[in-house]
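Line by line, the protein sequences give chains G and A.
Take the first sequence: its position 185, counting from 1, is numbered 185 in the numbering used here, and each next residue is one higher.
Take the second sequence: its position 228, counting from 1, is numbered 228 in the numbering used here, and each next residue is one higher.
Be aware that one or more of the hints could be misleading.
[Said to hold, decoys possible] Just some of the chain A residues that point at chain G, by a computed CB distance under 8 Å:
#  : residue
1  : N55
2  : R85
3  : F91
4  : H93
5  : L97
6  : D98
7  : S99
8  : H108
9  : L112
10 : H140
Simulated from the structure, these hints should not be mistaken for lab results.
Note that the Cβ used here is the ideal one computed from N, Cα and C, for glycine as well.
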Amino acid sequence: MTGWERLWPQLLAATGDTLYMVGVALVLSVLAGIPLGVLLTVTAPGGLAPHRWLNRVLGGLVNLGRSLPFIILLVAVAPLTRLVVGTTIGSTATIVPLTLGAVPFLARLVETSLREVSPGKVEAALAMGARRRDVVRTVLLPESRPSLVAGVTVTVVALISYSAMAGAVGGGGLGDFAIRYGYQQFRTDITVVTVVALLAVVQLLQLAGDWLARRLAHH
Amino acid sequence: MIEIRSVTKTYPPRGRAAVPVTALDDVSLDVPAGQVMGVVGPSGSGKSTLVRCVNLLERPTSGTVHVDGEDLTALPAARLRDARRRIGMIFQHFNLLDSRTAAGNVEHPLELAGVPGRQRRDRAAELLARVGLSDKASAHPGQLSGGQKQRVAIARALAARPTVLLCDEATSALDPDTTGQILDLLRRLTDELGLTTLLITHEMDVVKRACDRVALLRDGRVVDSGPLAEVIDRPASPLAAQLLPALPPATPSVVGTAVAELTLTGDPDGPSTVSELVRRFDVEVDVLAGRVETIAGRRAGRLQLQLRGEQAAVTGAVAWAGDRETAGVTR
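Okay, chain G solo, but in the shape it has when bound (with noise of 0.2 Å):
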């Protein structure tokens, strides 16, 4: 086993990548998926501004991408990406199809978060004289913060996970160098090393994620 000191700075690098990856589409994720998952909730019947089609036109587009498997959606997006990076190997590349797989997933998330929070307190806060959008801004994101922390966090696992499976197509990072270096040229320790590097960056936030949910939940 040899190498591992022209190896070691060449981890770290693709472990940067996957955190820089999986940090623009995290970012990209809750900036398009907290709305989208807004627009579910109040959109859907008996929700607080109920729209059929529009519900029903977001809830295929959503259903759509949570049922593409994230290899295919990969290969598919490939023109969109070329279009916006203007490449589609790389890790900046590969923010484009982890965004467009995250967004749906956490919007699902989101809608089941806003969904738990009792129609009770929207009534309070109606009788009250709120507007729907004070209802939301007011009521719905703030009762459901800690579900939403949960939510974001199981996003940030799920992205990851993608963003390792981007590897197999050049997409770099953590994914891209357990495949060019543990797989192809048959080195099982780089493997290993690899798998470790994920589990502890997973582990990490994910336990980031739960401290946080945990200080925002008051009951």
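Chain G is already provided as a structure; the job is to place chain A on it using the hints.
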């Protein structure tokens, strides 16, 4: 002042072969300013729908609702929101926001009304003091007992200085002691602030303790209503039957005696009905059973008396008791 006029609420049928459900059927009720009106009725009688029709959380299918002279059913959305700010509401399950402290919850309606931060904090502190919870201002609902939560909810409902307070089964999730405290608080606040209060409950004790007026709802219709003092003066009315439940029938324990049932609704300083009975007829009186309490400041109750004496005197006394009280049951 709340004026409910011919309000009907029908829900469209759900699913195939279902029929529309009529929750409220031509309901008219007035709550005069400064009074507490209790609406009682079995579950499913439409009480909750009725209280939600007052602030239009449920929009009546037909009929009008006036609050302080303004027809809420005719208001556009923005004006309706303003009107709702003048109507406080409390709920069976409190509906406080867990993400906010007690003070934060009280500030919520003020925030929605655009009151600046400093004023909000002052007003929240003032209201929490009013409901006796100054020391819990920074506690979250999860750290409060049921009674404390309802106090916070009351403070929240009053934050925007409403003229009307709606209470939807506000004490049904509380134990009897706490229920009494909350009702006394509601009564005191209604009197101090001149609120007009509509209170929905399934417990007659709530009505006895806190209300000036009462209405009985059954299958979406008002079957009886009136000021409490008036209602108990009509012992045969459906409401009086619930306020003063009839005693289980008794049979005379001694041969040659009779049982007279007497309903007491007189004012406490007036002549004693039992004394009068004894004075008028030469009978011995034993109390077999009885239930007497003070409702709306008046003595009210039912007594079962066993009368002994000459046959004529006993018969006369039983008849007198029956005549005197419309519902005086004789046996």
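Now the hints, each set against the structure:
Evaluation of the N55(A) hint against chain G yields a held restraint, the C-beta minimum of about 6 Å falling below 8 Å. Interface restraint check: R85(A) against chain G, minimum CB-CB distance 4 Å, threshold 8 Å, status holds. Taken as an interface hint, F91(A) checks out: its beta carbon lies about 6 Å from the nearest beta carbon of chain G, inside 8 Å. Interface hint status for H93(A): upheld, as the beta-carbon distance to the closest one in chain G is roughly 6 Å, under 8 Å.
Because the beta carbon of L97(A) sits about 6 Å from the nearest beta carbon in chain G, less than 8 Å, this interface hint is met. Here the hint on D98(A) is kept, as its CB sits about 5 Å from the closest CB of chain G, short of 8 Å. With a cut of 8 Å, the hint placing S99(A) at the interface with chain G holds, because the nearest CB-to-CB distance is about 4 Å. Annotation: H108(A) was flagged as interfacial toward chain G, and the flag holds, the nearest CB pair being 7 Å apart, inside 8 Å.
Hint on L112(A) holds. Least Cβ distance to chain G is approximately 5 Å, under the 8 Å limit. At a threshold of 8 Å, the smallest CB-CB gap from H140(A) to chain G is about 4 Å, leaving the interface hint in force.
Checked against the numbered hints above, the structure violates none of them.
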